[in-house]
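Student: Going down the list, the protein sequences come from chains A and B. Under the numbering used here, the first sequence has 23 at position 23, and the numbering climbs by one with no breaks. Under the numbering used here, the second sequence has 56 at position 56, and the numbering climbs by one with no breaks.
What the hints contain is simulated information worked out from the structure, not anything from laboratory work. A quick note: this is a predicted structure, and the numbers were derived from the prediction, not measured. Wrong hints could be hidden among the right ones.
A few chain B residues that face chain A, going by a derived Cβ cut-off under 7 angstroms, partial list only [as the list claims (entries may be wrong)]:
id, residue
1, 40
2, 41
3, 91
4, 92
5, 95
6, 99
7, 100
8, 107
C-beta: ideal position from N, C-alpha, C; glycine also.
Residue-level listing of the chains:
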Amino acid sequence: MAWTPPRTEVLLQLSGAPHQTELVGSALRLTTSLLDRGARVQVWACGDATRLTWAGLGDTKPRNYADWDREYPSAPRIVRELLTDHPDRLHWYVCAFCSEERGTADQIPQVRRRPLFKFAEHVAAADKCLTLGVC
Amino acid sequence: MTDHLLVESGGPESGAACERFAGDALRLLQDGHHVVLFLVENGVTAALPGASQGVAAFLRSGGELWVDTFSAAQRALVAGDLLPGSRMADMDEVADRLLAPGSRAVWH
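One chain only, chain B, in its complex shape (with noise of 0.2 angstroms):
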């Protein structure tokens, strides 16, 4: 098993690459690998109910969802706007995650 962190910051008005970067989440998480999907800049906005299958997906199939505190808050938007079972994490987090011996990271 492999930790995952990947860095979605498109979402979804970027197009359909989104949903496809949010299928390969899901696809290392099926496999039994561990995954964090981050969202930042305008990525987080795929954690709002109803904005991304893919990431909902993830998240329901035991997925870890973050989402940018700092992106969140450019956007107006709290954590009870977002899609219940993710949760707001900061860069330092991220540092910590892409520091960790062994991890694996993609940003898209």
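For reference, chain A alone in the conformation it holds in the complex (with noise of 0.2 angstroms):
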């Protein structure tokens, strides 16, 4: 039988590049209010958000020169513990599209990579969904 996905309250869609502006945090504040109130959540990241989970980034961003002992987290380490914390309730798609037309179809494991056409699959699995940012 074909894999579906798991139902959820609420479906975001992220869009547009990582580091351009505040989008990713506020994506995560809000999945993470989401996840406190007990609720399903699914992200699906396309265009450039797919960078944010490629396995390539490692763990740990660059040392900060002025503060050199401080370690901080990597994108793909905030998705994955995000992941590992919530197994049940938190489901965290890439556009295999998008992610390889910027190469980064290498994800970390704890994502699933889904086709482009399959996303209305996902729209019809939440109760809800919500668009955040531009490719």
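Using the hints, build the complex out of the two chains.
Tutor: Here it is, written out as structure tokens:
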């Protein structure tokens, strides 16, 4: 039987460049608040947002020369830890087309790459869909 | 009547789209819906007096104007700097509104 996306209360479609605005921070804050309320959430990363969970980014950001000993978690690590903390209620999907186009097909194993044409299945599996950012 | 949650993230400096979005919020309000306009990121600057005619009109017409506490703090804005009648809100309240049965939401 073909795999289908698990049902969730909310689908957040996340587009746009990760470091251009505060969009990713807002999306993660909203995701955390939704999870704290017991909601099931799926995130569909599209466009440049597929870079958020690119395995090549590693676990930490480059060191800060002004605070050499402090460790800053990378975006893939933050997402991975969120997924680990909410294994049955948070799902993170990455648009396969967008990630391949950007050379970021090598994603962390906790996320699932999905063909673009399957996006409609995710919309259908969510009570509400919110699109954040533009590609 | 439907509950609407409209999220503005760009603010007046992002161009005319902010005003148009605030106009959408006002029209929904005038159609008899309950509307919350939540300002986040640079969108919080739309709550400064004189910054956005659309946001001010929305507030005057009885809309609920929420300003993201986190984004405001990042810009050194406090409640006293903002339009009277607006109020600080955090992402937990946005999540509550989004999860409310029957509510509709748009992020701009």
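Student: Take the shortest C-beta to C-beta distance between residue 99(B) and chain A; is it under 7 angstroms?
Tutor: Hint on residue 99(B): holds, closest Cβ of chain A at ~6 angstroms, below 7 angstroms.
Student: Please check whether residue 100(B) passes as an interface residue: C-beta within 7 angstroms of a C-beta belonging to chain A.
Tutor: violated, 10 angstroms
Student: Would the hint on residue 92(B) stand, with a C-beta cut-off of 7 angstroms toward chain A?
Tutor: holds, 5 angstroms
Student: Interface hint check: residue 40(B), Cβ to nearest Cβ on chain A, cutoff 7 angstroms. Holds or violated?
Tutor: Interface hint status for residue 40(B): holds (6 angstroms vs cutoff 7 angstroms).
Student: Regarding the hint that residue 41(B) lies at the interface with chain A, is the smallest CB-CB distance below 7 angstroms?
Tutor: Hint on residue 41(B): holds, closest Cβ of chain A at ~5 angstroms, below 7 angstroms.
Student: Return the status of the interface hint for residue 107(B): holds when the least beta-carbon distance to chain A is below 7 angstroms, violated otherwise.
Tutor: holds, 5 angstroms
Student: Would you check whether residue 95(B) satisfies its interface hint, that is, whether its CB is within less than 7 angstroms of any CB in chain A?
Tutor: Result: holds, 4 angstroms to nearest chain A Cβ.
Student: Against chain A, with CB atoms and a cut of 7 angstroms, does the hint on residue 91(B) hold up?
Tutor: holds, 4 angstroms
Consistency with the previously given hints fails for number 7 only.
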